[in-house]
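Throughout the sequence shown, residue numbering follows my numbering, covering 1 to 216 in sequence.
No wet-lab data here; the hints were simulated from the structure.
Quick caveat, the model's predicted, so the values are computed rather than measured.
Please note that a few of the clues may not be correct.
Claimed, not checked - EDC-like, lysine to aspartate or glutamate: derived pairs with alpha carbons at most 16 Å apart: (1) 125 x 158; (2) 139 x 174; (3) 150 x 201; (4) 144 x 202; (5) 191 x 212; (6) 144 x 201; (7) 125 x 168; (8) 42 x 59; (9) 139 x 177; (10) 150 x 174.
Unchecked claim - Pairwise CB distance ranges (calculated): (11) 73 x 52: 15 to 21 Å; (12) 186 x 91: 18 to 24 Å; (13) 166 x 37: 53 to 59 Å; (14) 209 x 66: 31 to 37 Å.
For each residue, glycine too, the CB sits at the ideal point set by N, CA and C.
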Amino acid sequence: MGTSRQGKKTTAKVDAVTAGIYGITNIFGQALETLLEQFSPKEGVQILQCVDDLLISGETEKEVKDVSIQLLNFFGEKGLKVSQSKQQFVETEVTYLGHIIGKGSKRLSPARISGIVSISPPKTKRDIRKLLGLFGYCKHWIDKYTQGVKFLYDKLIDQEPMNWTESDEKQLQDLKEKLSSPPVLSLPDLKKEFDLFVNTEEGIAYGVLTQEWGGY
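Please take these sequences and the hints and turn them into a complete structure.
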């Protein structure tokens with residue numbers, strides 16, 4: 001469980017690359033979600049859940065600390081335990097779902113990046129689907145992501161047996177290099193307007209959602 005005293009609310013999207021997410025862990029996540037409906041944090045404090053990972057976000061350190069203690073006591077009353085070694089208690093910056101979230105920004109954790117860039121070349125179409133899931137989870141940090149992964153989708157469509165070429169390996173390394181030096185992204189302000197820019201290139205449609213930013 002991570003607790004953050006930033007004033008921004010963020011949501012997380014998980015691309016499941018194994019069936020396990022639909023099994024026991026998903027059942028536990030649904031049970032925890034039902035249990036959390038009985039807990040009401042004070043106004044201005046948000047609790048985000050992804051399976052059994054929780055993030056508490058609020059405007060001030062005191063708000064986050066008070067709600068964190070209340071939630072821990074609530075779990076104790078329900079017979080649940082929280083891992084002390086994994087808990088990040090009232091921090092200005094926390095690691096959540098492979099993201100490092102701080103004041104108004106988020107970036108990929110070094111562990112998340114190293115785990116992907118060290119992966120071996122795919123040998124089967126199942127390996128390609130796994131690659132697409134891993135890169136898809138990080139796509140916001142990869143410049144021209146849609147164009148960059150097109151060759152992987154082409155491999156899935158190809159009816160011929162899997163054949164990994166030197167060109168494929170070069171394109172995979174290009175993706176890894178982009179992921180090795182990702183930008184720090186600002187969190188959106190949902191109270192402000194967004195601008196959507198779209199384009200097409202070689203049969204690929206892609207777009208970017210932007211917002212005016214004044215800095216922090």
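Of all the hints given earlier, name the ones this structure violates by number, lowest first.
-> none
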